[in-house]
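> Take a look at the letters that make up each chain.
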Amino acid sequence: MIEIKDLHKSYQMGSNSLHVLKGIDFNVEAGELVAIMGSSGSGKSTLLNILGMLDVADSGEYLLDGLPIKNLNETKAANYRNKFLGFIFQSFNLINYKTALENVALPLYYQGVGRKERQEKALKYLEQVGLKEWSHHLPSELSGGQKQRVAVARAMAAEPKVLLADELTGALDSTTSYEIMDLIQKINDLGNTILVVTHEDDIAHMCKRIVHLKDGVIVEDKKIEQVRASQYVQ
Amino acid sequence: MFNRDRWKEILEVLTKNWFRTVLTAFGVFWGILILIILLAAGKGLENGIRSDFDNIATNTMFIWTRSTTKAYDGLPKDRDFNFKIRDVSLLRENFPQLRFISPRNQLGGFQGTNNVVRGIRTGAYNVYGDYPEFIEQEPMMITRGRFVNHNDIEEKRKVAVIGQGVVRELYDPGETILGSYIKIQGVNFVVVGTYRKSSNDGNGEESQKQIFVPFTAFSQAFNRADNVGWMAITAKDETSITSMKEDIVSFLKGQHRVHPEDQRAIGYFDLFEQFNRVESLFGAMRFIAYFVGILVLLSGIIGVSNIMLIVVKERTKEIGIRRALGEDPWSIRKQILLESIFLTLISGMAGISVGALFIYGINAILDMNGPVDMFANPSVNLGVIMIALTILIISGLFAGFIPAQSAIRVKPIDALRTE
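The listed protein sequences derive, respectively, from chains A and B. Using the UniProt record's numbering, read the first sequence as starting at 1 and increasing by one per residue. Using the UniProt record's numbering, read the second sequence as starting at 1 and increasing by one per residue.
Calculated from the structure, these hints are not laboratory results. Heads up, the beta-carbon is just placed ideally off N, CA and C, and yes, glycines get one too. Every clue listed holds true.
Under the rule of at most 30 Å between Cα atoms (straight-line distance), these lysine-lysine pairs were calculated in the DSSO-like manner:
1. A:208 <-> A:186
2. A:116 <-> A:98
3. B:334 <-> A:76
4. B:16 <-> A:132
Here are the in silico distance ranges between beta carbons for each label pair:
5. B:7 <-> A:96: 12 to 22 Å
6. A:18 <-> B:330: 29 to 39 Å
7. B:345 <-> A:3: 48 to 58 Å
8. B:330 <-> A:67: 16 to 26 Å
9. A:111 <-> B:357: 45 to 55 Å
10. A:41 <-> B:5: 37 to 47 Å
11. A:41 <-> B:7: 42 to 52 Å
12. A:143 <-> B:12: 16 to 26 Å
13. A:140 <-> B:283: 55 to 65 Å
14. B:12 <-> A:111: 15 to 25 Å
Residues from chain B that face chain A, not an exhaustive set, calculated with beta carbons under 10 Å:
15. 5
16. 9
17. 12
18. 13
19. 318
20. 320
21. 321
22. 322
23. 323
24. 324
25. 328
26. 329
27. 330
28. 412
29. 413
30. 416
Build the full structure now, drawing on both the sequences and the hints.
Printed below as a string of structure tokens:
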């Protein structure tokens, strides 16, 4: 699904440049649930941003489902993000004056899906994350866990090839974190490819494969026995 | 553009901070209101002055003879001469661009002696010998009967068309006027019509006290032979009389053996030139109205632009999220521009409405208190409204342009990081 070859990225910090990614080679098959781990500054967020086409690599190859991601202008990048990727953020990033339903329907709106169909689909995904009856509430009326569920539903709505989650449990307590991870695992069970950036060990172990990043290089890449989150959830 | 979700969002954004939106809108509202009121006031002045010109054919000159100041062609200086009736046909032949040429003769004058008698009543009036075309050059409303016609001219009928002022002074109310006789300097004329002129200038009263008789009958009755007192010449619409007057004057000089460089011998008055002078004054007034109005509007527009910048700043993160979710930059730019245009247009339309209401009020007051000198019916026409709306849309675009650019200049990744 994702193929990366020799990816480099550095940032200019004043007069000296900071080499963040120093040649990453990395493949993800369809249906995988991968955790990218590393301490802060290891380059894991940068990697995710590049994978999410929010940032551009200096050199290297990036193929998404066989499609080379290269020299995109903003319009094209937006289009690809919309069609191929779903984002889940640490701080939820819901639009606060839109209801849960409208938030979930947003990616579909950008695809030009008709209003009615959009709402039906959005409702379907809200139901899937267990928030159907909250569909007309504003984000400010939802708890953190609920907000993240809405965000998950939103990421799913456009039926992307890959879900990218950046510290998706970072703002949640452990019980809620497990609930969200349970949801993520269930979505993965349906065959969705998911990449999770995290620095929490227990969250990482709920994935099927852990990639360790340190100082811009992959130091460890192993398949693991998945810990099911459902056992922690009542 | 007519997308329900987009408009919903525009309304959501603009109503989120009511007070700020209203304050911003007020700047534009005020600008357009002032523009409308200034234009209406200018139009009112224009209407007032124009009504003095009435429907007079303005592409007209008056031309008359004086005594020569230069000896020429064997003739001495200080010679008196008159235009002759044959000058009219000669002018008509040589200047096909002319529409009307009315030779005129006059009797009596302002504050002259009594020259008209009817029974025991007398009055002092201007009596003119005229051709039927004259009514085209100086329109008057025929209230009874008719004006002088070509049969009158052919048969030299002694008929008269008299003004309302004459009627008031020579007749009792309710008396039959048509068919009655009045005696002008001892000669009886039968009244065949009455007129009223609708001018409200200084000699409004005087212009109702005129008597028009056929030119030929006038010449015969008052011994003018084939002399012409003066002429009123109107050119066809496509040529201005101002451009022709030199040629006409030198032609007439040739006919009457006047020295070509004799500036005094033939006098004329170019109504068109005078009218154009007034026209250019109107033009200047309109320019000032637009200039001041648009400058005031501009400060309102800058206010809108300013607020849009703040709105964009406040929404940086939101815009980042939207772009991460795949909204393309054009869509965001369009959104900001539409918000700006919408705000400008709504407040501008409010300004136009209030301006229209204001003008309506002024008109109502004017109607109640009767006409005022040099000011009538202030108004703006649909064309001006269209111009104002166009200005609004364009300025809304301008106001939104910089904020829209700044909205998409931030990279989505940076926008997401802002709190």
